[in-house]
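A.B. asks: Start from chain A and add chain B according to the hints.
One line per chain: the protein sequences are A and B, in this order.
Per the UniProt record's numbering, the first sequence starts with residue 1, numbered consecutively.
Per the UniProt record's numbering, the second sequence starts with residue 1, numbered consecutively.
Think of the hints as simulated: they come from the structure by calculation, not from any bench.
Computed from a predicted structure; not experimentally measured.
Each residue gets a CB set at the ideal place from its N, CA and C atoms; glycine is no exception.
Computed from the model, here is a short list of chain B residues facing chain A with C-beta under 8 Å: (1) Phe-101; (2) Gly-149; (3) Lys-178; (4) Glu-256; (5) Val-259; (6) Asp-264; (7) Val-269; (8) Ala-309; (9) Tyr-312.
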Amino acid sequence: MRFMLLFSRQGKLRLQKWYLATSDKERKKMVRELMQVVLARKPKMCSFLEWRDLKVVYKRYASLYFCCAIEGQDNELITLELIHRYVELLDKYFGSVCELDIIFNFEKAYFILDEFLMGGDVQDTSKKSVLKAIEQADLLQEVRVRDKGALNRSFFFFPGVFPFFKTHTHTQSLCC
Amino acid sequence: MYLAGEAWSPNQWITRQFLVLRMPAPIRLRELIRTIRTARTQAEEREMIQKECAAIRSSFREEDNTYRCRNVAKLLYMHMLGYPAHFGQLECLKLIASQKFTDKRIGYLGAMLLLDERQDVHLLMTNCIKNDLNHSTQYVQGLALCTLGCMGSSEMCRDLAGEVEKLLKTSNSYLRKKAALCAVHVIRKVPELMEMFLPATKNLLNEKNHGVLHTSVVLLTEMCERSPDMLAHFRKLVPQLVRILKNLIMSGYSPEHDVSGISDPFLQVRILRLLRILGRNDDDSSEAMNDILAQVATNTETSKNVGNAILYETVLTIMDIKSESGLRVLAINILGRFLLNNDKNIRYVALTSLLKTVQTDHNAVQRHRSTIVDCLKDLDVSIKRRAMELSFALVNGNNIRGMMKELLYFLDSCEPEFKADCASGIFLAAEKYAPSKRWHIDTIMRVLTTAGSYVRDDAVPNLIQLITNSVEMHAYTVQRLYKAILGDYSQQPLVQVAAWCIGEYGDLLVSGQCEEEEPIQVTEDEVLDILESVLISNMSTSVTRGYALTAIMKLSTRFTCTVNRIKKVVSIYGSSIDVELQQRAVEYNALFKKYDHMRSALLERMPVMEKVTTNGPTEIVQTNGETDPTPLETKPPPSGPQPTSQANDLLDLLGGNDITPVIPTAPTSKPASAGGELLDLLGDINLTGIPSITAYSKNGLKIEFTFERSNTNPSVTVITIQASNSTELDMTDFVFQAAVPKTFQLQLLSPSSSIVPAFNTGTITQVIKVLNPQKQQLRMRIKLTYNHKGSAMQDLAEVNNFPPQSWQ
Chain A
1 MRFMLLFSRQ
11 GKLRLQKWYL
21 ATSDKERKKM
31 VRELMQVVLA
41 RKPKMCSFLE
51 WRDLKVVYKR
61 YASLYFCCAI
71 EGQDNELITL
81 ELIHRYVELL
91 DKYFGSVCEL
101 DIIFNFEKAY
111 FILDEFLMGG
121 DVQDTSKKSV
131 LKAIEQADLL
141 QEVRVRDKGA
151 LNRSFFFFPG
161 VFPFFKTHTH
171 TQSLCC
Chain B
1 MYLAGEAWSP
11 NQWITRQFLV
21 LRMPAPIRLR
31 ELIRTIRTAR
41 TQAEEREMIQ
51 KECAAIRSSF
61 REEDNTYRCR
71 NVAKLLYMHM
81 LGYPAHFGQL
91 ECLKLIASQK
101 FTDKRIGYLG
111 AMLLLDERQD
121 VHLLMTNCIK
131 NDLNHSTQYV
141 QGLALCTLGC
151 MGSSEMCRDL
161 AGEVEKLLKT
171 SNSYLRKKAA
181 LCAVHVIRKV
191 PELMEMFLPA
201 TKNLLNEKNH
211 GVLHTSVVLL
221 TEMCERSPDM
231 LAHFRKLVPQ
241 LVRILKNLIM
251 SGYSPEHDVS
261 GISDPFLQVR
271 ILRLLRILGR
281 NDDDSSEAMN
291 DILAQVATNT
301 ETSKNVGNAI
311 LYETVLTIMD
321 IKSESGLRVL
331 AINILGRFLL
341 NNDKNIRYVA
351 LTSLLKTVQT
361 DHNAVQRHRS
371 TIVDCLKDLD
381 VSIKRRAMEL
391 SFALVNGNNI
401 RGMMKELLYF
411 LDSCEPEFKA
421 DCASGIFLAA
431 EKYAPSKRWH
441 IDTIMRVLTT
451 AGSYVRDDAV
461 PNLIQLITNS
471 VEMHAYTVQR
481 LYKAILGDYS
491 QQPLVQVAAW
501 CIGEYGDLLV
511 SGQCEEEEPI
521 QVTEDEVLDI
531 LESVLISNMS
541 TSVTRGYALT
551 AIMKLSTRFT
561 CTVNRIKKVV
571 SIYGSSIDVE
581 LQQRAVEYNA
591 LFKKYDHMRS
601 ALLERMPVME
611 KVTTNGPTEI
621 VQTNGETDPT
631 PLETKPPPSG
641 PQPTSQANDL
651 LDLLGGNDIT
661 PVIPTAPTSK
671 PASAGGELLD
681 LLGDINLTGI
691 PSITAYSKNG
701 LKIEFTFERS
711 NTNPSVTVIT
721 IQASNSTELD
731 MTDFVFQAAV
741 PKTFQLQLLS
751 PSSSIVPAFN
761 TGTITQVIKV
771 LNPQKQQLRM
781 RIKLTYNHKG
791 SAMQDLAEVN
801 NFPPQSWQ
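In isolation and in its complexed conformation, chain A is listed as follows:
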């Protein structure tokens, strides 16, 4: 696989994963072009099309288009299954995933994708295994102590000065 794109029906990019070194400018151009082509397709058409020298496999799930560009010898039908597997993983992780989940948690969508695919190929064919790895990695995320007030700070300890504001500790699994 050369790259994978997720975009909405309005042409807003939600995720882009490139498995081939390309410049930012070139990427933007390709994304714009491909989005145009895919969004112009009618519902009755098949999920495969030829674009430049690649084969493009796309599938629409609710308001999101999942689009993969594969090479000549790759199997289009199994790529459809691959897309479906990714959607299943997202679904399991977020609990009935929708586009908003991917918008607000795009970094997690990337983390899941990077646990499922590497260099364009499947790393693990077991759904359970991928989800478990993500779960474990999430647990490693550092816990941040957070106060309820307007000031979000971690503590600076230095001689002579004690932290003089009360904190209500509230753990949050991600710093973001």
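C.D. replies: Leaving out everything else, chain B in the frame of chain A:
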């Protein structure tokens, strides 16, 4: 305020802390996303983004470790929206170097999104990645492997290949599977490093873990595709791969890897692909996998896409290896069943695969012809195109009538983007397999009337030539064409062909001689009416007008009552704004006035045109600017309205010297004594004095050239070739082709036969006419193809021993 490097006094610390405390914390990622989404216009969004970018920039300047992660995450979001984020690149590196897992996660993500190997910055990652590859936490190692495996540059790969190789040998399957895919990337970037991973591949397939198995198969595939040595080395794995595949199919339900009742389809497909590569061109391997392929092909559940994905890969493998014919037929039948599937994706994939196999397994594909033809009516454009290409590939002498009916219907109803290709395809197929002349003409008519404006420009002269060759159909053809343009003369190719025919055969039209159908009653005036309408019409192009005017002129010798009218029309156009028309009209006028005694001879009925096969490549040579003669291919006559240029050239003979390569010759139905008739046509020929040469003598095939020069046209040399065969078996399907340097022109006439009989009992004779206006030294490259002793032979040779009298 910031005193870098100096120790701060407690007061300074406190002051700093107050300042820092008073500054607001950078807003959280989700907060930013929410805010940006409230923007109602692009300008509003840009403003918010710029404000936030400024805040992030100053935060970066402060070297704030705490919120770096959050800021970079926000930057990545804004980057996805299309805004520049390059100032965050170094920050990603700092995050990667951090000890915190959260930082590393975002840092590596940022690196993959913002950095690419064009920037030198990315090399700074190498050390961090190296450290992380040896980290105590496997998830950190995983991050490093993933980043390296997705975007590692060649330098990075070179530096870190050793670490990857180490991890490939670990017993930790989580890391092993990632290391395998990382190795794939390393090999893609630095192929020379492939050798280094060879030892580690030893036990990869013994793994039970499906993740490791899958990625190992990918790694092995990559290695085999890149190196024939590796391929040979890994062939011994075929039995093991077959066993793994068998287990997957035979084993019971395994919930972890199950997809719609099929066990690990991803792994099955990858194994099938590797088997394809291993079995290609190797009989033993192909045999070893025969059974399993048959098993997969027959046992896989086809109700869902996943099963069909496996079948598809199986078919591709069967077709590519040295499989026995039974298996190949099985594969094609699977594709045939795919064609009937409701799922259009499956139909698409079937058509694509059939297109690849139609050359090699033609008969098997023929059996599915009717299904393929049905796909012409599909709604999907890609499917229709493939069905069309496949249909043309399947047309033959037996099915031409039925297929043409379908294809003509398709031409009628298909999208405009197909019409040109479809029309060309129909013309080609009709030319090859037409069951009768009448059918051929009818088919051409049908195409011209349904898709007349989409027909390619070069089709017009081809069609005209076809029509002239069907002598007995002239009356029928001109009648049909006349009727076709009566109603509508907007389709230019149709009008051009019609105008030309009316010009040539107008006398047949008005005399009502048609045998094939009811002859129509039409007067000379009515014919001239339609031609004049074409001339006047705004829809007619300049080329079409040219055709019409010339046609009107030609009718002056075929019509009896309307010559004055013709004279008047021709004189009017003598002052036409269109330069081309003006020139023609002026010259035709001259014919009426000064050269009236030559008019009937000049405008005589056109003789049947020989199919010219030589001019294409020499013209290509000219446009490429090459000086070497290029080998020939039999091609239809070149583009450009030949018939009208013929008319012009006839006129030019009065003054100019534009010599066309098309010299009227005897028709193809008289093959044998071609040489003799030429002598007649060209008047007195100088027979004496030029020695013949042996142009080619090899493997029992000898070709002799004899020469004749024309007294009336000294630039023409006529070469008669004689091919003889001294071996004990006949040479069949003999084809002689020749090419000459670009200053020459060449015409090849039909050979006497295509069989060179054995033991020199007979010869094939063929005539070549060479035009050498610049009197250059004659050189020729010849290509010979024939079948001999059951195999196809082909040879290229240069002929350089032409006697000087043949060209000087």
